[in-house]
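If you're matching them up, the sequences are chains A and B in order.
Counting in the working numbering, the first sequence tops out at residue 175, every number present.
Counting in the working numbering, the second sequence tops out at residue 444, every number present.
For the record, the hints were derived by calculation from the structure and aren't laboratory data.
Glycine included, each C-beta is placed from N, C-alpha and C at the ideal position.
Where hints are given, some of them may not hold.
Claimed, not checked - Here are a few chain B residues that sit away from chain A, every Cβ distance over 12 Å (derived from the structure):
{"hint": "1", "residue": "Asp273"}
{"hint": "2", "residue": "Arg284"}
{"hint": "3", "residue": "Phe287"}
{"hint": "4", "residue": "Phe288"}
{"hint": "5", "residue": "Asp291"}
{"hint": "6", "residue": "Lys320"}
{"hint": "7", "residue": "Tyr358"}
{"hint": "8", "residue": "Pro365"}
{"hint": "9", "residue": "Asp372"}
{"hint": "10", "residue": "Val384"}
{"hint": "11", "residue": "Ser389"}
{"hint": "12", "residue": "Thr390"}
{"hint": "13", "residue": "Tyr401"}
{"hint": "14", "residue": "Glu417"}
{"hint": "15", "residue": "Ser419"}
{"hint": "16", "residue": "Gly421"}
Claimed, not checked - So the derived list for chain A, only partly shown, Cβ under 10 Å to chain B, looks like this:
{"hint": "17", "residue": "Phe31"}
{"hint": "18", "residue": "Asn54"}
{"hint": "19", "residue": "Val63"}
{"hint": "20", "residue": "Ala70"}
{"hint": "21", "residue": "Asn75"}
{"hint": "22", "residue": "Gly78"}
{"hint": "23", "residue": "Met100"}
{"hint": "24", "residue": "Tyr101"}
{"hint": "25", "residue": "Ile103"}
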Amino acid sequence: MNSFQFLEILKSRRITFCSGVPDSTFTNIFQDMLDDPDINYVSAVREDVALGIVSAAYFNNEIGAVIMQNSGIGNIVNPLTSFNLMYKIPALIIVGWRGYSDDAPEHEIMGKKTPEFFDLLDMPYRIPDKDNLSGALDELLAQMEIESIPGALIMRGGIVQ
Amino acid sequence: MINRADAIIKVMESVNRQDLVVSTTGMISRELFFNADRPANFYMLGSMGLASSLGLGLCLQNPLKKVFILEGDGSSLMSLGTIPLIGVSSPSNLIHIILDNQCYESTGGQPSISADIDISEIARAGTYTVSERISTIQELDHALYEYQNVAGPILLLIECNQEPSSGVPRVSHTPIAIRDMFKEALNKAY
Numbered sequence: 015m016n017s018f019q020f021l022e023i024l025k026s027r028r029i030t031f032c033s034g035v036p037d038s039t040f041t042n043i044f045q046d047m048l049d050d051p052d053i054n055y056v057s058a059v060r061e062d063v064a065l066g067i068v069s070a071a072y073f074n075n076e077i078g079a080v081i082m083q084n085s086g087i088g089n090i091v092n093p094l095t096s097f098n099l100m101y102k103i104p105a106l107i108i109v110g111w112r113g114y115s116d117d118a119p120e121h122e123i124m125g126k127k128t129p130e131f132f133d134l135l136d137m138p139y140r141i142p143d144k145d146n147l148s149g150a151l152d153e154l155l156a157q158m159e160i161e162s163i164p165g166a167l168i169m170r171g172g173i174v175q
Numbered sequence: 255m256i257n258r259a260d261a262i263i264k265v266m267e268s269v270n271r272q273d274l275v276v277s278t279t280g281m282i283s284r285e286l287f288f289n290a291d292r293p294a295n296f297y298m299l300g301s302m303g304l305a306s307s308l309g310l311g312l313c314l315q316n317p318l319k320k321v322f323i324l325e326g327d328g329s330s331l332m333s334l335g336t337i338p339l340i341g342v343s344s345p346s347n348l349i350h351i352i353l354d355n356q357c358y359e360s361t362g363g364q365p366s367i368s369a370d371i372d373i374s375e376i377a378r379a380g381t382y383t384v385s386e387r388i389s390t391i392q393e394l395d396h397a398l399y400e401y402q403n404v405a406g407p408i409l410l411l412i413e414c415n416q417e418p419s420s421g422v423p424r425v426s427h428t429p430i431a432i433r434d435m436f437k438e439a440l441n442k443a444y
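In isolation and in its complexed conformation, chain B is listed as follows (with noise of 0.2 Å):
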């Protein structure tokens, strides 16, 4: 099990200036504003469930871009038909990260149907060209390394403790702030 925003931290330290970031709705956007905040992170502020499509959209327009999607199980299990859409659609530049804590943390720890599934082996079925399931902070920061130049689309599911985060801010950037900084971070030639 990985401390959440530890994992956010870890992923994050694998990201490139130039790589997109699309966070889902509650505490993972919020962990990942606190700890990593960045022009190319798109923070969805609501919408749950929707960060992997957006994100999809994103890897199909920006072929050159690498782009991150960090979601938890719930936001996942929400939009589930997306992850064979991704599979199918096969965006070699995308890198999908489930924080999976088998709860609805940021809405107070309600248990998540996910502690009896495993989403990666959805993953796996919906035809990502890498699909693994990681438990240990090492795991991670070796699978963030072995698969930097591996063609997506990769999924990487994330064990996660089950801890209530006191003190993270609220994003303050507004709607429109996130929206025109990442456009303009996306847009720049770097």
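If we strip away everything but chain A, and leave its shape as in the complex, we get (with noise of 0.2 Å):
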């Protein structure tokens, strides 16, 4: 799908407060953010105050949503584990996962550990295909308003274009 398409996902389930870094695996997407009307996008300088700003939606009953390489998530572990899963503040990450095949060296062993750092952390997260991203999404949603914790989507290049 279109980055647009995917933008209309997340805003039918009332996500427009969102914030990152960019990442090629979704190259569209954060100009889209900027120029759509409904999404309030901050263009955030690292992964961990992506996360921070984002938080922020919880207390107006809302998602935030970060978006993000997986090169990043080693910046966001101390915010998830001593802020997000401390307090129980959810937030959608989306992650971008470099390295998932063949790739540029510096994305090899984090693409080889990315769902792992997850498990680490005891969060819940997909891996969507092309053709369940709305599926899986609802069903990482509801796992987290359960829990009361993030929850990461984990994004093949190709899938949002």
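Since each chain sits alone in its own frame, please combine them into the complex, following the hints.
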């Protein structure tokens, strides 16, 4: 699907407060979020900053979303463990999965370890295919709501273009 | 130089009931809790450096509410990129207080680099509408009054003493209680 369709999926689930650091897995979506009057996108300087910003949505009975590359997972471990998971403040973390298959050398190790990070933190996550993105997201959001914790949507290249 | 607890008390005198306060981990949250506990205080018990990010998010989500960030030199240096991000995002409802004692007092007073760099200059370069360095309680009093109706983001860097605080209790609210009290206060119509 294209990035407009993906944004419609997010908006229809009342996810409109977004922040992140660009990733080439979803090249177009960052500009499209900036252009979309229904999305409030903050172009953050780091992934942990993005997570802190969008977590504010919780207090207005909404869920915020971070969009980032998996190379930044290390930057969100501290806020996940001592903020979101400790206070039980959910946020949707949309992670571009670089290094899932052949990729540049800097993505190789994190590419192999990406799902394991979320296992380690006991966080729910989904790895959608092209044809079940909405369903996977809804399952994830339902689990996040039950546990009141953040969850990750781990996106391989080519699902959103 | 100002005693840090006195600075916190003075800032909190200018905070109205409906205003939101986010405080950084360590002694600043403990002193805020000890001296001016209220439901609309969010004590960030961990995640050093993240208070300013949450504060920015709260500003953008609640443009009609004034938000105070209370942090130290160490936490602001840890997430220094947040300062220009706040400047560019230009939340008019933000007052960013940095209590600068030039050290990491919560962990034993190890020196920070803020003795040699002026964080208020970074905020000025980062397009805060006001960025002021304050060294006396009279200057702080004056600034809080003078800027109370000025559009932000406003940064007040307060030069504080190094003074190990003893007898200041930990925040006794659980994280969930902090979260729930803050959420309820934020959504209350005054």
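> Against chain B, with CB atoms and a cut of 10 Å, does the hint on Ile103 of chain A hold up?
Replying inline: holds (7 Å)
>> If I take the minimum Cβ distance from Phe288 of chain B to any residue of chain A, is it greater than 12 Å?
In response: Since the minimum Cβ distance to chain A is about 21 Å, Phe288 of chain B lies beyond 12 Å and the statement holds.
> For Pro365 of chain B, which was marked as not at the interface, is the minimum beta-carbon distance to chain A over 12 Å?
Replying inline: Holds: least Cβ distance 23 Å, greater than 12 Å.
> Per the stated criterion, does the least C-beta distance between Gly421 of chain B and chain A lie above 12 Å, as a non-interface residue requires?
Replying inline: Answer for Gly421 of chain B: holds, closest chain A Cβ roughly 25 Å.
> Does the nearest C-beta of chain B fall within a distance shorter than 10 Å of the C-beta of Asn54 of chain A?
Replying inline: Cβ of Asn54 of chain A sits 7 Å from chain B, so the hint holds.
> Can Val63 of chain A be said to touch chain B, with a Cβ gap under 10 Å?
Replying inline: holds (5 Å)
> Is it correct that the beta-carbon of Ser389 of chain B has no partner in chain A closer than or equal to 12 Å?
Replying inline: holds (30 Å)
> Are all beta-carbon distances from Thr390 of chain B to chain A longer than 12 Å?
Replying inline: holds (32 Å)
>> Ala70 of chain A was flagged as interface toward chain B. Is the shortest Cβ-Cβ separation under 10 Å?
In response: Since the shortest Cβ distance to chain B is 3 Å, the answer is holds.
> When you look at the beta carbon of Lys320 of chain B, is every beta carbon of chain A farther off than 12 Å?
Replying inline: Given that every Cβ of chain A is farther than 12 Å from that of Lys320 of chain B, nearest at about 15 Å, it holds.
>> Would the non-interface assignment of Tyr401 of chain B survive a Cβ cutoff of 12 Å against chain A?
In response: holds (23 Å)
> Far enough from chain A: is every CB of that chain over 12 Å from the CB of Asp273 of chain B?
Replying inline: holds (14 Å)
Violated hints: none; the structure is consistent with every hint.
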